[in-house]
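Colleague: Each chain is listed here by its residues.
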Amino acid sequence: MTTSAGPLQQRAEVLSLKRVGAYHHLTLVAPGVAERFRPGQFAALAVGGPESALLLRRSFSIYRVRDSGTYGGTVEIIFAVTGKGTAWLADLVPHDVVDVVAPLGRPFALPKEAVSCALVAGGYGSAPMFALSGRLLDRGCAVHMVLGASTESRLFGALEARRSAQSVIVTTEDGSVGIKGRVTDVLPEVLERTGSAVVYACGPMGMLAAVAQVAETHGAWSQCAVEEAMACGVGVCMTCVLPVIGEDGRTRMVRSCVEGPVFRGDRVRWSDVGTVPEGTLGAPSGGWPQ
Amino acid sequence: MSATTWSGQVPAALEEVDLRVDLAGMRLKNPVMTASGCAAAGRELDSFFDVTDIGAVVTKSVMLDPRSGNPTPRMAETPSGMLNSIGLQGPGIDSFLATDLPWLVSRKARAVVSIAGSSLGEYAELARRVGNSPGVSAVEVNISCPNVHNRGLVFACDPYQAAKVMAAVRRDVPRDVPVFAKLSADVTDLVTVAESVMAAGATGLAMINTLLGLSIDPVTLRPVLGGVTGGLSGPAIRPVALRCVWQVHQAMPDVPIIGIGGIRTGLDALEFMLAGASAVQVGTIIFHDPSAPIRIVTELRAELAARGFTSPSQVVGLAHTPTADSLAATDLEGLRSP
Ligand SMILES: Cc1cc2nc3c(=O)[nH]c(=O)nc-3n(C[C@H](O)[C@H](O)[C@H](O)COP(=O)(O)OP(=O)(O)OC[C@H]3O[C@@H](n4cnc5c(N)ncnc54)[C@H](O)[C@@H]3O)c2cc1C
Ligand SMILES: Cc1cc2nc3c(=O)[nH]c(=O)nc-3n(C[C@H](O)[C@H](O)[C@H](O)COP(=O)(O)O)c2cc1C
Ligand code: FES
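Residue numbers (the working numbering), protein chains in the order written: chain F, 1 to 290; chain R, 1 to 338.
These aren't lab readings, by the way, just hints derived from the structure by calculation.
There could be a bad hint or two in this list.
Unchecked claim - Take a look, some chain R residues computed to stay more than 12 Å from chain F by CB distance:
hint: 1; residue: Asp-65
hint: 2; residue: Leu-120
hint: 3; residue: Thr-229
hint: 4; residue: Val-255
To be verified - Within a straight-line C-alpha distance of at most 16 Å, the following computed EDC-like cross-link-like pairs (lysine to aspartate or glutamate) qualify:
hint: 5; chain 1: R; residue 1: Lys-29; chain 2: R; residue 2: Asp-18
hint: 6; chain 1: F; residue 1: Lys-84; chain 2: F; residue 2: Glu-51
hint: 7; chain 1: F; residue 1: Lys-84; chain 2: R; residue 2: Asp-217
hint: 8; chain 1: R; residue 1: Lys-108; chain 2: R; residue 2: Asp-172
hint: 9; chain 1: F; residue 1: Lys-84; chain 2: R; residue 2: Asp-189
hint: 10; chain 1: F; residue 1: Lys-18; chain 2: F; residue 2: Glu-76
Stated by the list, open to error - A short, non-exhaustive set of chain F residues, derived as facing chain R with CB atoms under 7 Å:
hint: 11; residue: Gln-9
hint: 12; residue: Ala-46
hint: 13; residue: Ala-53
hint: 14; residue: Leu-56
hint: 15; residue: Ala-229
hint: 16; residue: Val-234
hint: 17; residue: Gly-235
hint: 18; residue: Cys-237
hint: 19; residue: Met-238
hint: 20; residue: Gly-274
hint: 21; residue: Thr-275
hint: 22; residue: Val-276
hint: 23; residue: Pro-277
hint: 24; residue: Thr-280
hint: 25; residue: Leu-281
hint: 26; residue: Gly-282
Ideal placement from N, C-alpha and C gives every residue a C-beta, glycine not left out.
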């Protein structure tokens, strides 16, 4: 039955919805989430209202939680409008109600010792990084952030980053702000300068693959939050899988909603995402035709 | 199946409604179960509601060996539905019996185990393993699988092959454990398939499985799913599923039927029972609302009470009986907009 550790499902009232650059910042009244939340976890929202023809839940990294105050507990997300569901969310007004399940998934693993950490994010992938940096700073870790985006309006939280980290580097692909280029262009230098032992990353798959590679060549651990298409977000549908190497060296198709979204970067077979690589547990012999 | 007369003039009190049903000898708390592949083995949903409060948990179809399933993307959202091409990913029967089933048993949930094979031999072996495991309330046989020994043709689409599977399974499952054949609606003559699996020893029928569909990506201009085609489910298929239950109940009124396909509310569940289902399964809507099964139990109770029924058995197949004149005189408007 319902335990104090598991996710909560509730009909959450919209407290506010604001524009932030190209994104939307949604705050929902959802008591009980803050007490359970750990950075890296996500929320799954039903979209379209009670008679919705859009059946599948939409997943978003949890940006921030508050455990009390006037509104009795809130959860916040940052989202981009990319389709029908997010367009519906962008039209919400205060007092509207959204069915939300949170917190879901495995959080970022925190280091046991007070080490230096690099937090790398692409686009709205920075959303979960601020709660993470808070926990790391509490443990005495040094936090160094690298935030990247295609262009300035798609950068989220650059100002907040300055308050949350010892150092911040911003990159944009068009050079509209910060260094022109990608996060992985500057990451090697950051790792060398800071001696970071752990790299935390959230963003598009291609970025995560590249970050995991840089971390590995610098002898750092990496913790990557992936974004796979999810139908349920709670572990019952098996749509959200990707090939991950287990402790035993065996590749399995693993659910990113319950066994992720955070994975050790060196465990994910990045170049095989979207396939069932040969040798995967239970794969047809010879693998799947590509 | 008792009352076939309209008894809806006087609404019943909610506590007067006794939702317990007898499904082919299985005593269930209520007629609402989870559909195979939409609830894993029950554990994840136990965070959202008490899995012992629904009729039964039907587990994801398990195969003999571990299965990786298909490449991603494995889903595409469609209007009021979705396409999936999971490819029966699962741990295999050894792991299922070692971990998943014992959890359901220790939780005292009713476990209906769905099995899937790619040959007659595999179905028989699974039936032996599952049928002899303690705590299995019933076996559901997913026959919507390609037969490796018959050019990959799906068992469910051929009355002869479907019957052979059922006979093989029935032989190896103890008599007191009901065996349900899960039917596909992607056939020309569903009643013929239903009759042949019943003749081969099935205790009852579960219908329907997903319908074969396709979705094309407007950007890549190629099929969305890694597996190209996928199974369509959700409210989009409900009228098709309801028609199937209706046709089979009409042809074989005494056969226990579990209605499946797009059930979203208690009213939808009632609709399936009126068409001839003795119980229902809830699938895709769980992805939308993980507490849907228990919500539907509550709603079904209210829908029955509002119409003056005190037991689900009073409505099974009721839609097949001609409307009594007295019905015309009742306040139907009041029921449509409660
Ligand atoms: C763990 C996780 C965290 C995420 N965090 C954020 C975040 O913080 N901010 C943000 O803007 N977006 C985030 N996303 C992506 C977000 O879920 C999708 O953008 C959103 O579901 C798109 O819905 P739509 O109806 O607008 O798009 P549509 O394309 O109409 O969606 C159709 C279907 O595909 C699924 N889908 C489409 N795109 C994605 C995607 N990129 N990832 C997963 N499912 C998708 C939808 O859930 C839906 O079922 C996250 C995804 C995951 C899995
Ligand atoms: C993601 C997914 C996986 C499924 N897996 C199975 C399965 O393993 N075995 C099976 O018999 N049916 C499976 N089904 C079919 C459902 O049990 C059900 O018959 C069908 O989805 C129609 O019901 P619904 O509209 O309520 O989902 C699956 C359906 C979905 C959506
Ligand atoms: S999204 Fe359904 S199992 Fe992960």
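Colleague: Against the structure shown, which of the earlier numbered hints fail to hold, in ascending order?
Modeller: 1, 8, 9, 23
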